[in-house]
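Novice: 151 is the number of the first residue of the sequence shown in the working numbering; add one for each residue after it.
The hints are simulated quantities; they were obtained by calculation from the structure and are not laboratory data.
Keep in mind that the hints are not guaranteed to be accurate.
[What the hints assert, rightly or not] Restraint-style ranges between C-beta atoms, simulated for each label pair:
#: 1; residue 1: Ile193; residue 2: Met218; range: 46 to 52 angstroms
#: 2; residue 1: Arg343; residue 2: Phe187; range: 27 to 33 angstroms
#: 3; residue 1: Ser347; residue 2: Met386; range: 48 to 54 angstroms
#: 4; residue 1: Ile190; residue 2: Ser348; range: 37 to 43 angstroms
#: 5; residue 1: Arg405; residue 2: Met293; range: 27 to 33 angstroms
#: 6; residue 1: Asp206; residue 2: Lys177; range: 38 to 44 angstroms
[Said to hold, decoys possible] Straight-line alpha carbon distances no greater than 35 angstroms define the calculated DSBU-like cross-link-like pairs of lysine-lysine that follow:
#: 7; residue 1: Lys334; residue 2: Lys350
#: 8; residue 1: Lys334; residue 2: Lys355
#: 9; residue 1: Lys177; residue 2: Lys355
#: 10; residue 1: Lys177; residue 2: Lys391
#: 11; residue 1: Lys409; residue 2: Lys391
#: 12; residue 1: Lys178; residue 2: Lys334
#: 13; residue 1: Lys355; residue 2: Lys178
Note that the Cβ used here is the ideal one computed from N, Cα and C, for glycine as well.
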Amino acid sequence: MKKQNNQDNNGAFKSRSQWASIWMRLKKNRMAMVGMFLLIAMILIAVFADLIADYDTLAIGQDQSIRMQGPSGDHWFGTDQFGRDVLARIIHGSRISLSMSIIAMSIAVAIGAIIGAIAGYYGGTVDNILMRIMDILLAIPPMLMSISIVAALGQSMVNLLIALAIAYIPVFARVIRSSILSIKDQEFIEAARSCGSSNKRIIFKHIVPNAIGPIIVQATLAMGATILIIASLSFMGLGVKPPEPEWGTMLYEGRDFLKQAPYLVLFPGGAITLAVISLNLLGDGLRDALDPRLRN
């Protein structure tokens, strides 16, 4: 019993030291830290959006007396054609874009991890069947897949989440499968088998946690692409319905006033750019920090 406790303590210490080493390498990457702080700032803005700007009066409330006013002290980013505060709409739009991308990626990671783990661990016919299905889905670009699913199911946030999740499930299934193929024949897996551990326990207790690094990197990078897809679908009228303050919807509504009020397009476009850049910078930094070849 004492020996088992010592082994558990050693394993926990080793895990903490590995994550500390990853954090140290990540801190040395200045661009990754910039991306991380930008992302944290945007998440905090999304979480406390109701405290920063009132939703009913500023984000969706219309006031024709102040319509099309440029940036000023009262309205930092100006007002749109309905008298709504652009900054307030961008702040509340961050909640929609970030939350939807996080939820969609969580669903895609969960389902993709199960499919990839089963395919990589069992191999053979199971692997061939599952991966051929994933290949069919991968042959369709995520944007086109999302358009097709939303057009078929109807325009709503739930259907948009389903579309995004389905579009990225094959990506994570492939990542997990490739990681498991390089892990499943290692000594600690053989030791788990010899101790009588079930296949389910080996997959989810030993294999998947060791493949978490590539998943985190891929999920971070995919979130940036997801935000672009959400904005693109909303711009085309297939995403978030007005008057919800989504960044793509704001671009669509401001396109007719590009010459007389370019801020209606520049500010929401800048928010999309900032979100995508921060996620890409953080994803690149995580990829370098989690690379085993850089641990020494």
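Novice: Just to be careful, I want the Cα atoms of Lys178 and Lys334 compared with a cutoff of 35 angstroms; is the pair within it?
Specialist: With a Cα-Cα distance of about 32 angstroms, the restraint between Lys178 and Lys334 holds, given a limit of 35 angstroms.
Novice: Straight-line Cα separation of Lys334 and Lys350 no greater than 35 angstroms?
Specialist: Holds: Lys334 and Lys350 sit about 13 angstroms apart, inside 35 angstroms.
Novice: Taking only the CA atoms, is the gap from Lys355 to Lys178 under or equal to 35 angstroms?
Specialist: holds, 31 angstroms
Novice: Is the distance from the Cβ of Asp206 to the Cβ of Lys177 consistent with 38 to 44 angstroms?
Specialist: Given a distance of about 42 angstroms, which is inside 38 to 44 angstroms, the answer is holds.
Novice: Measuring from beta carbon to beta carbon, are Arg343 and Phe187 in 27 to 33 angstroms?
Specialist: At 44 angstroms between Cβs, range violated.
Novice: Return holds or violated for the Cβ distance of Ile193 and Met218 against the range 46 to 52 angstroms.
Specialist: violated, 31 angstroms
Novice: Assuming the hint says 37 to 43 angstroms, is it satisfied by the Cβ distance from Ile190 to Ser348 or not?
Specialist: Holds, at about 39 angstroms.
Novice: If you draw a straight line from the CA of Lys409 to the CA of Lys391, is it 35 angstroms or shorter?
Specialist: Cα-Cα ~25 angstroms, so holds.
Novice: Is the straight-line distance between the alpha-carbon of Lys334 and that of Lys355 35 angstroms or less?
Specialist: Roughly 12 angstroms separates the two Cα atoms, so the pair holds.
Novice: Regarding Arg405 and Met293, is the given constraint of 27 to 33 angstroms on their beta-carbon distance met?
Specialist: Violated: the Cβ-Cβ distance is about 19 angstroms, outside 27 to 33 angstroms.
Novice: Decide if the proposed pair is consistent with the structure: Lys177 and Lys355, CA atoms, cutoff 35 angstroms inclusive.
Specialist: Answer holds: Lys177 to Lys355 is near 29 angstroms, not above 35 angstroms.
Novice: I want to verify a distance hint. Is the separation of the beta carbons of Ser347 and Met386 within 48 to 54 angstroms?
Specialist: Given about 49 angstroms between the Cβ atoms, the range holds.
Of the numbered hints listed earlier, those contradicted by the structure are 1, 2, 5 and 10.
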